[in-house]
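Working from the sequences, and respecting the hints, build out all of it.
Heads up: the sequence lines are chains A and B, in that order.
Residue numbers for the first sequence follow this note's numbering, beginning at 1 and rising by one.
Residue numbers for the second sequence follow this note's numbering, beginning at 1 and rising by one.
Simulated from the structure, these hints should not be mistaken for lab results.
Errors might be hidden in some of the hints.
[To be verified] Just some of the chain A residues that point at chain B, by a computed CB distance under 8 Å: (1) 7; (2) 12; (3) 20; (4) 24; (5) 46; (6) 52; (7) 57; (8) 190.
Values in this document were obtained by computation on a predicted structure and should not be read as measured data.
Glycine residues also receive a C-beta, built at the ideal position from the N, C-alpha and C atoms.
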Amino acid sequence: MRVFLFVPCFIDQVFPNVAVSSMKVLKHLGCDVVFPEHQTCCGQPAFNSGYRDEARLMAMHEVNALLTLTHSPVAAAKYDFDFKHDYIVGPSGSCVAMIRNFYPEILADDPRFEDVSKNMAKRTYEFSEFICKVIGADRFSGKLQATVSYHDSCHALRELGVKDGPRKILERIEGLRLIELPYNEVCCGFGGTFAVKYPEISVVMADEKLQNFYQTGADILVSADSSCLMHLEGRARRSGSLKRFAHIAEIMSESIDRKP
Amino acid sequence: MTTTEPQSRDFKKLYKKEVANLRLRANLKKATIQALDKRNDSFAELDFDLLRNEAKKIKQESVSHLNELLSQFEDNAHKNNCAVFYAESPEKANAYILDVAQRHAVKKIVKSKSMVTEELRLVPFLEKFGIETVETDLGEYIIQLAGETPSHITAPAIHKSRTEIAQLLHDKIGIELNDDPTFLTGEARKALREKFLSAEMGISGANFLIAENGTAVVVENEGNARLSTSAVKVHVIVTGIEKVIPKFSDLRIFMRLLGRSATGQKLTSYVSLIRGPRRQNEKDGPDEVHIVLLDNGRSALVGTEHQEVLHCIRCGACLNVCPVYRSIGGHAYGSVYPGPIGSLVTPLFFGPKNAPDLPFASSLCGNCTEVCPVGIGIHHQLLAMRHEIKAKTKRGVEAFIFRTFRKTMLRPQRYRLFSRLARIFSSTPIVAKAFKGWTHYRELPKLPARSFREIYKSERGKE
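Set out below in structure tokens:
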């Protein structure tokens with residue numbers, strides 16, 4: 001099974017280890033993983049900030065770039081992506097939601113992209129969701145001595161319906177103990193540009209989430225969205241906390257290494 | 001002159017003050033969590049999604065045929081001997097109500113809870129003409145005594161703790177200082193009973209208007225609405241035109257949803273079905289019933305992508321569940337309608353210029369949409385409003401940033417250049433300053449030496 005790895009721009013730039021880990025885990029589970037090198041940004045920051053036209057242009061570029069391996073996406077007439085057999089998998093709930101839920105909507109009025117974006121949406125999965133729904137969580141096992149809590153990102157939870165999957169995956173790791181966060185469906189306050197437009201509100205929400213995390217006594221906060229973690233970790237570091245914040249792909253990757 | 005315009009243009013100033021108020025935040029947290037826990041418990045026995053779909057269908061149907069339903073309601077209300085007044089604007093509604101009061105030489109009005117009267121700023125308007133207008137809902141009464149405005153749609157005094165309320169009632173109506181809720185309610189009831197007995201006119205809202213028989217439905221818990229609508233000579237119902245539903249039998253869906261969503265009650269303590277003035281064989285009830293239907297921007301939404309905002313039954317569940325609302329409280333929004341639904345309704349009713357920031361004051365977490373009992377896609381509506389607002393602003397720093405961002409992202413070679421520059425400048429003060437909305441409150445992540453695509457390329461080179 002061939003996977004086109006969707007690496008959102010901030011994962012590429014700020015959290016490359018999340019993409020490295022995703023690739024490693026998917027390969028470990030038997031996928032043929034390729035990285036379409038012309039991809040950049042899905043357009044979500046512009047879209048959520050109200051700049052729909054800019055987001056549309058980025059979406060058009062990203063559609064071409066993600067479906068193409070060999071030639072420049074600008075000239076793409078034929079896609080390398082096989083809509084019957086290949087998948088697009090990304091380690092970010094919110095960026096996957098952009099492609100899956102919003103591309104078909106913002107590209108609906110362009111005949112070049114209308115069908116492609118719809119067909120692409122059907123083949124696009126968030127990383128943990130892909131492992132649970134397509135590969136099967138029971139195919140995975142690992143070993144890691146750690147106590148973790150899981151943070152549901154709002155986009156994974158509400159836009160994609162990802163809830164039990166990541167927990168099922170974490171249960172497959174020997175030695176790992178999962179302690180649920182109180183109020184685990186409440187937003188952490190990141191919200192994209194909301195975090196810098198209304199920082200005072202955003203960090204009140206972060207502090208609330210961090211308090212709940214500290215209360216569990218877990219060492220690591222795991223999530224399927226690095227953007228929430230970047231915000232929470234940035235806030236935690238400011239007050240001197242040494243807790244670890246990790247993407248679920250990183251935890252899975254480490255647990256494979258420890259399993260003989 | 002009393003202005004009905006919201007103060008939401010000052011949102012940025014208002015929220016900064018409120019977000020720093022730790023006591024407010026503690027009060028809100030306690031009250032909203034309690035309300036949500038009760039809500040969740042009360043829905044446990046029902047299929048929420050199923051009910052919500054039915055409610056949504058009825059509302060879609062009603063709002064799509066608003067004109068027909070309103071004239072059907074009006075015809076039936078006339079048959080029931082009610083006067084119906086259709087008010088385009090708050091000014092027209094206020095003028096009509098004042099006229100009714102003056103014709104009957106009214107000196108005192110008892111009023112039950114109604115968000116539309118808040119939208120009209122009706123109480124200060126009537127008081128300006130020397131008509132004492134008393135809020136009789138306990139929460140509203142507290143707010144009126146404090147000289148404030150409600151900070152929540154269904155729980156107007158939610159920002160106040162029990163202790164603060166005890167102090168307020170002690171100061172204003174001279175009762176003993178005691179924060180026992182039963183004591184406080186009892187004292188307020190005594191004070192209000194006097195008002196009910198001496199008032200000539202009552203004003204209420206209506207949660208639903210039933211087109212097929214001209215009935216107005218008032219849902220409440222304290223019995224004050226029942227008194228305000230029946231123990232007076234003249235009763236004026238004030239509500240929004242979007243409250244009309246086709247059939248009496250539709251109520252069974254909304255009754256199950258409204259109480260549960262608002263306060264976690266299976267049914268509120270009182271549901272009054274008001275059909276008209278006292279009839280010949282009846283002992284009590286008003287001599288006259290007037291129904292004022294406010295438009296104020298509502299009918300203009302029919303047929304637009306924001307039409308579904310008119311489904312709202314004002315339960316307040318989206319406020320309780322909203323982490324932004326819980327951090328800043330209702331007053332920060334500068335509008336009668338706060339919270340997620342307020343961030344939609346305020347710019348839609350009063351014009352986006354009066355509330356340019358509200359649609360952006362959300363993390364788009366979608367919890368509001370999840371709990372909405374009538375299926376409004378609240379956070380997607382907020383997103384659509386953002387698109388409308390920004391489509392009109394091509395200039396400015398932010399527009400420039402996103403244009404540059406897009407240009408960078410459309411050319412992979414520019415993207416790589418940007419990536420290299422980011423690595424060079426990431427730990428300099430320029431970056432910290434440019435991202436001060438971030439760095440003032442949080443640490444920036446340390447940029448790793450290589451991006452994923454660089455790592456990928458060099459790994460592939462080795463293969």
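Query - Ascending list of hint numbers which this structure does not respect - result: 4
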